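Participant: The residues making up each chain are set out below.
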Amino acid sequence: MLIGKPPDVPSSAITPRDKYLNRRRFLRNAVSSAAAAGVAALGAERLAQVISPGISAFADTRLQTVKSPLTTTGEQLTSFEDVTHYNNYYEFGVDKSDPAKNAGALPTRPWTVRVDGLVNKPKTFDIDTLLKLRPLEDRVYRHRCVEAWSMVIPWVGYSLSAFINQCEPLSNARYVQFLSYYNSSVEKWTSESNIDWPYSEGLRMDEAMNPLTLLTFGLYGEVLPNQNGAPVRIVVPWKYGFKSAKSIVTVRFLDHQPPTTWNEQNSHEYGFYSNVNPYVDHPRWSQKVERRIGLPFYAQRRATLMYNGYGDQVASLYNGMDLRKDF
Amino acid sequence: MKRSTLILLKTLVWLACLSPAAWLVWGAVTNNLGPDPTATITFTTGLSTLRLLTISLAITPVRLLLPQLNWLIKFRRLLGLFAFFYASMHLMTWVALYTGFDLNAMSADIVKRRYITVGMAAWLLLLPLAATSTSWAIRKLGGKRWNRLHKLVYVAAVCGVVHYWWQVKTGVLTPMTITIVVGVLLLARPVLALAQRRRKRVPAAV
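Going down the list, the sequences are from chains A and B. For the first sequence, the residue numbers in the numbering used here are -16 to 310. For the second sequence, the residue numbers in the numbering used here are 106 to 311.
Misleading hints may appear alongside valid ones.
As a list, the in silico DSSO-like pairs of lysine-lysine whose alpha-carbon atoms are at most 27 Å apart [said to hold, decoys possible]:
(1) K171(A) - K79(A)
(2) K274(B) - K171(A)
(3) K308(A) - K256(B)
(4) K256(B) - K179(B)
Take a look, some chain B residues computed to stay more than 12 Å from chain A by CB distance [to be verified]:
(5) K217
(6) Y259
(7) L291
(8) P295
(9) A298
(10) Q301
(11) R304
These are calculated hints, taken from the structure and not from any lab test. Bear in mind the structure is a predicted one, so any value in this text is a computation, not a measurement. Ideal Cβ placement from N, Cα and C applies to all residues, glycine included.
Make the full structure from the sequences, and use the hints.
Facilitator: Below you can see the structure in the form of structure tokens.
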């Protein structure tokens, strides 16, 4: 496979880590000193939310990472604040700000990932084993939501292919399905939508094996905050965001296309492939342009790129396919 | 009502009507419109339009129920014009921030997307109402014709509510409140008219 050489980016264009960390520290210190001063008006629960907005004890933990040639360059990163407070994670509420408030309830340890279906032998991986399977890489990817907004996120993880090789799928495995954590007593917000839980996503085997497909454990060099799909998720940068399943508990190998949540919900609006494609509109809005999160209103709008700009690496996966039909 | 009270009330209504716009301007200047400012502007202007339109529709039924609040009529034009102001801001947000002033993108949106079609229709319905809102226009048209023309506001409000429903994701119920309120106000007119006719007839029978 041909992997395009990324254009050079001056490191000055990337927000330095200490800068955003300082900001968070400043906020936290400001709040704690305010608390010390006795801001009685704030309820205890609300105060706790301000200090640590739904980020579990494990988030904030630094991860050892190495550089990756697959990182996207030349883009200004979306702030840590926006990446972690503007989320679609319906198990924790349908509003974009809900997951940051509610996902603290997600128990990220102990955590295991069950591998079954068309494999040599079903296995269960502990999250700490997965974390050590391969060196963790810093990978900046564009993230394009089907709702026509986008971000640039520095993820941490390694290629899903490395994990799949450990799973020993059988030769007739053509698809891989990812099931997200589901427990209605923890995720009390699942009834806000009429989705059939657990959240299910899937990829064709060659898509899953593409080096860009990332088994993801962190962002901004730290363990994933719960609202971003802790402790382990998939990131498929050339597809709309909903294809990148969060908080994965089961990986299943199949010989047929698995049912996937949004496709089941409305197959007219959300295809199984859901590759980012400016030439196939969503029935309710154009996909030709997108709004970059965190910029002033006059600077948000930009053209959406075919395969979210990752065509050099992935276009060959879809040779001979009619992407208008298989959108 | 005393002149000074009226001036005070008008000032308050002006301030209340301007507050969403002021909040947006302040947010834009201080870069405080949330992670997706374009969406915030769209939502705020759209919701303000619907709310103001609904309040202006409520004035007649309220006056019929509570004749002592007759003076509310003095505020209806103001509310209606502010509804049109926010509808126009909402429209311009789409023109500038979503289509980038691209005529092809605009016409494609209007033809292909029914929520935009119906939203555009709502604005076009409000346009002649705003244009004929002056006392001069009322005199020129004559009260009866003017009244008939301004019945279009009901159609515009329904278009606005439909626009809201068609825009949200399936299963999202946020437009419910405004829908119920508009529905009640639409029903209020014929119900109140009927009740009034009956009240008039009763003494005649005695």
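Participant: Should the label of Y259(B) as a non-interface residue stand, given a Cβ cut-off of 12 Å to chain A?
Facilitator: Fine: 26 Å to the nearest Cβ keeps Y259(B) off the interface.
Participant: Just checking, Q301(B) versus chain A, shortest CB gap more than 12 Å?
Facilitator: holds, 43 Å
Participant: Is K274(B) close enough to K171(A), meaning Cα to Cα at most 27 Å?
Facilitator: holds, 21 Å
Participant: Hey, is P295(B) genuinely clear of chain A, shortest beta carbon separation above 12 Å?
Facilitator: holds, 34 Å
Participant: Is the nearest CB of chain A more than 12 Å from the CB of R304(B)?
Facilitator: holds, 46 Å
Participant: Starting from K171(A), check that the Cα of K79(A) is at most 27 Å away, please.
Facilitator: holds, 16 Å
Participant: A cut-off of 12 Å on Cβ-Cβ distance, and A298(B) was said to be off the interface with chain A. Does that hold?
Facilitator: holds, 39 Å
Participant: Examine each Cβ of chain A, and state whether all of them lie more than 12 Å from the Cβ of L291(B).
Facilitator: L291(B) is indeed farther than 12 Å from all Cβ atoms of chain A, at 26 Å.
Participant: When you check the alpha-carbon spacing of K256(B) and K179(B), does it fall within 27 Å?
Facilitator: holds, 18 Å
Participant: Run the distance test for K308(A) versus K256(B): straight-line Cα separation, threshold 27 Å.
Facilitator: violated, 45 Å
Participant: So is K217(B) really clear of chain A, every C-beta pair being over 12 Å apart?
Facilitator: Answer for K217(B): violated, closest chain A Cβ roughly 7 Å.
Hint check: violations occur at hints 3 and 5; the rest are consistent with the structure.
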